[in-house]
Amino acid sequence: MNVLETRDLSHDFDGLQVLSHVELGVRRGERHAIIGPNGAGKTTLFNIVTGTYTPRGGRVLFRGQDVTGAGPHALVRLGMGRSFQITSTFSRLSTFENIRMGILGRRGIRFNLLRRVAAMPDVTREAEEVLRRINLTAERDLPASLLSYGKHRALEISLAMTTDPELVLLDEPTAGMSRDETKTAVELIRRLTEGRTVVIIEHDMDVVFSLADRITVLHHGEILATGAPEEIKANRAVKDAYLGD
Amino acid sequence: MDPTTAMYVAQGLHGLAYGMLLFLVASGLTMVFGMMGILNIAHASFFMLAAYFSYQVLAFTGSFWLALLLAPVAAALVGVLCERFLLRRTHAFGHLGELILTVGISLVILEGVKVFWGTESLPIHVPPLLEGRLALGGLDYPIYRLFVIGLALVVLGVLAAVLYTTRLGMVVRAAVSDAGMVNALGINVPLLFMFVFGMGTWLAGVAGVAIAPILTVFPGLADQMGMDAFVVVVTGGLGSLWGAFLVSLILGELNSYGVQFVSQLAPVLMFLFMAIVLAIKPMGLFGERE
Amino acid sequence: MTRRAVRWLAGVAALAVLLAYPSLFGIYFTNSFVTFGIFALYAVSFNLLLGFTGLLSFGHAMFFGAGGYGTALALTHLKGLPLLPALALGVAAALALGVLLAPLMVRISGTAFAMLHLAFGQLMYVLALKLRTITGGEDGIGGFPIPPFSVPGVLSVDMKTPANFYYFAVAVLGFSVFALWFVTKTPFGCVMVGVRDNPNRVAYLGFRVPHTKAVVYLLAAGSAGVAGSVFAMFQNLVSADGALHVFVSFAPVQLTMIGGVGSFFGPILGSAIFGVISELTSRYTERVELVSGAILILVIMYAPLGVIGMWHAARARARARFAPRGAAEPAR
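Protein chains in written order, with the numbering used here: chain A, 1 to 245; chain B, 246 to 535; chain C, 536 to 867.
Everything labelled a hint here was simulated from the structure, so no lab data went into it.
One thing to keep in mind: the hints can contain errors.
[As the list claims (entries may be wrong)] Lysine to aspartate or glutamate pairs mimicking EDC-like chemistry, simulated, CA-CA at most 20 Å apart:
hint : chain 1 : residue 1 : chain 2 : residue 2
1    : B       : Lys526    : A       : Asp14
2    : C       : Lys720    : A       : Glu128
3    : C       : Lys720    : A       : Asp122
[Said to hold, decoys possible] Quick list of simulated restraints, FRET-style, between CB atoms:
hint : chain 1 : residue 1 : chain 2 : residue 2 : range
4    : A       : Leu146    : C       : Ala631    : 41 to 47 Å
5    : C       : Arg854    : A       : Ala138    : 14 to 20 Å
6    : A       : Ala138    : B       : Leu430    : 44 to 50 Å
7    : A       : Ala138    : C       : Ile562    : 54 to 60 Å
8    : C       : Tyr819    : B       : Leu436    : 37 to 43 Å
9    : C       : Ala849    : B       : Leu430    : 42 to 48 Å
10   : A       : Arg28     : C       : Arg854    : 36 to 42 Å
11   : C       : Tyr819    : B       : Leu510    : 39 to 45 Å
12   : C       : Gly709    : A       : Asp164    : 56 to 62 Å
13   : C       : Arg818    : B       : Ala406    : 51 to 57 Å
14   : B       : Leu430    : C       : Gly709    : 55 to 61 Å
15   : C       : Ser817    : A       : Glu129    : 53 to 59 Å
16   : A       : Glu187    : C       : Ala714    : 43 to 49 Å
Ideal placement from N, C-alpha and C gives every residue a C-beta, glycine not left out.
When you get a sec, could you build the whole thing from the sequences and use the hints?
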């Protein structure tokens, strides 16, 4: 059964066609990579699926519900999470406060003006538990902006996971990382996404082939192929368009 | 012309004169916004400063023409100094810091003129050539206001010629409509900013000198004009010179006829107009940006 | 002594000074303190928007004025209206204005937010001047009765005595500041700061950014209304120039920037500093704004986080000298 589906999805910016007739199906529990050259429409697809944009045409279905045009907050509450290509954390807040924001979101504590957050031991404990899991306990009180690049990216990825989403969309999680950092990040992603469905945009083919169960190739806003890594590697059209270098 | 028609024509000319001056002020404001992304709260203060400078030049030399020539340049010089030594060095919290800085500048200028020139209104006398009224087929109209309309037309003609026929004008227009683009053109951007800021304050200064004989010079001079220019820029579309031009003329007439028919609520008409335009076109008439 | 005990003692000492203040310093400084308190709350409410939510308003006087006019009109027209309901009606007026504007204002930010507030603030100013029959035009509304603070059958305290009004004002203003401070410590306070730093991410954690902004907006409007209402009763006058002028909107900008935009207590410190400065400069010149405008420029250029920011930076430097590997503390 598909957790996420797009039906005949099309989008343009001032007449410039970015996506045309995209039919994406993401199965429950799989790790699904979306690859394609720059400008193929990958991030636009993410932005539509996660509610940043409303598509010009077509529909988005999440867990069987039509969610076309729903805002990010609504999708997150339905069980979606995302990370960004350009690190998007609360840079002036501490690592702990970053994670705590996500925990508050997950618990639906949105308009509590009557209790001090410091007097909520459950929230604190849960946030510290997350920090332990991603090895950022030592950086607990450091502002996010002062974290090393690799650690900042780890915070970014785990922030997407704090709301305990069923489906996570990761936009180039290893972009700009060194080889070692990439290895650590892949391990972290594997660990944190245990039991979740993952859609990942990625340029690093080693990461793609080591993580993904299935791959969709996007080219000029259209889906070129979808299939298991071996099928994609063997696909003639994909080779010509993208992998054939 | 019968008296009623004459009155309507006179009101129309009043509105035109004010609208033109309004555009002189608003054009600088919208250009600076287009380039720097901030609405300069202190813009109208330079307009007022020029009026005070003209009073001073008149007091020293007795020549209105010299005042008209020198005062706007002096105001522009102060503007350029503010840009070079204050605005350009403000990096705290992006545009919000710059906005707050312009508040500080406007306070200092406002209180500064009170220190130098006091709080009462100072009269400006125009040369004999511009005094008196022109009788024209039943219409009896002050010559000075006709001169103001003519002056504004000349200044705008020069502005248009510079903007649309010279290379510098092309660069300025590019910078105003898309500040990111000039970086790609390989131009000394800080110098260009300073130039446009100076030009904007000079235009406001010309308007300040021109309006002084009509309204006299007093510390509240900047209030009304500042607010009107702000409404013009927002309603016309931020960064749009054509929008500013059109809305300036509309507001000028709206003010003029508004005072005639609903004098109590004339100032509210302007906001009503802005609210209606923004409700239909949130970016303003010709605006593309927020 | 434990830290807790020290805090407790400091609190008791502060309370004792506040209680004894009128008898220690006399009427003039008692009234100065009330003015300080009013502007401190007003600036704190402004900084809830700027410092905590990242929204710069150039029209905050709207709410200050709405509070003042609300209370003044209520006391003028409702015979025998008690003190606290008069205050409440002022706050209600400010809140009503907030409810009216919020749907538009929560969808914008940055320059647009600042400028639209400037425009609406100016509109309110013009309306107050022109709707003479209601607002009294340039003269404003003055000479309305100031009811005593009374608990029927128990006590009745005359509010025309400066010292009594001082206690009433300090209680109301102090409670309001405390309430706002408390809000910044709640989960909602966390979300507010999140909206300031990264509204997009806040939305992707399941929060509705416009709703969050709307609540902050109403908190700021209501507490500015409290300040305005107390101000009107304190002066027994509310006027367009005194409560709605664009300078009244710029005042909290100055107070906040001088004290420190990044800290809850910055605006309070700023109000105190400004109070001292205007007290000193007004002996030499009437042009207090000239000095405060110049200070505003200097602060923006050289100390954008205000006095509290300078203090934090100095402390971080001192700490770095003694413990070279210690991480710099963020100024917050």
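Q.
Tell me the hint numbers this structure goes against, listed in increasing order.
A. Numbers 10 and 12 - these are the hints that the structure violates, sorted from lowest upward.
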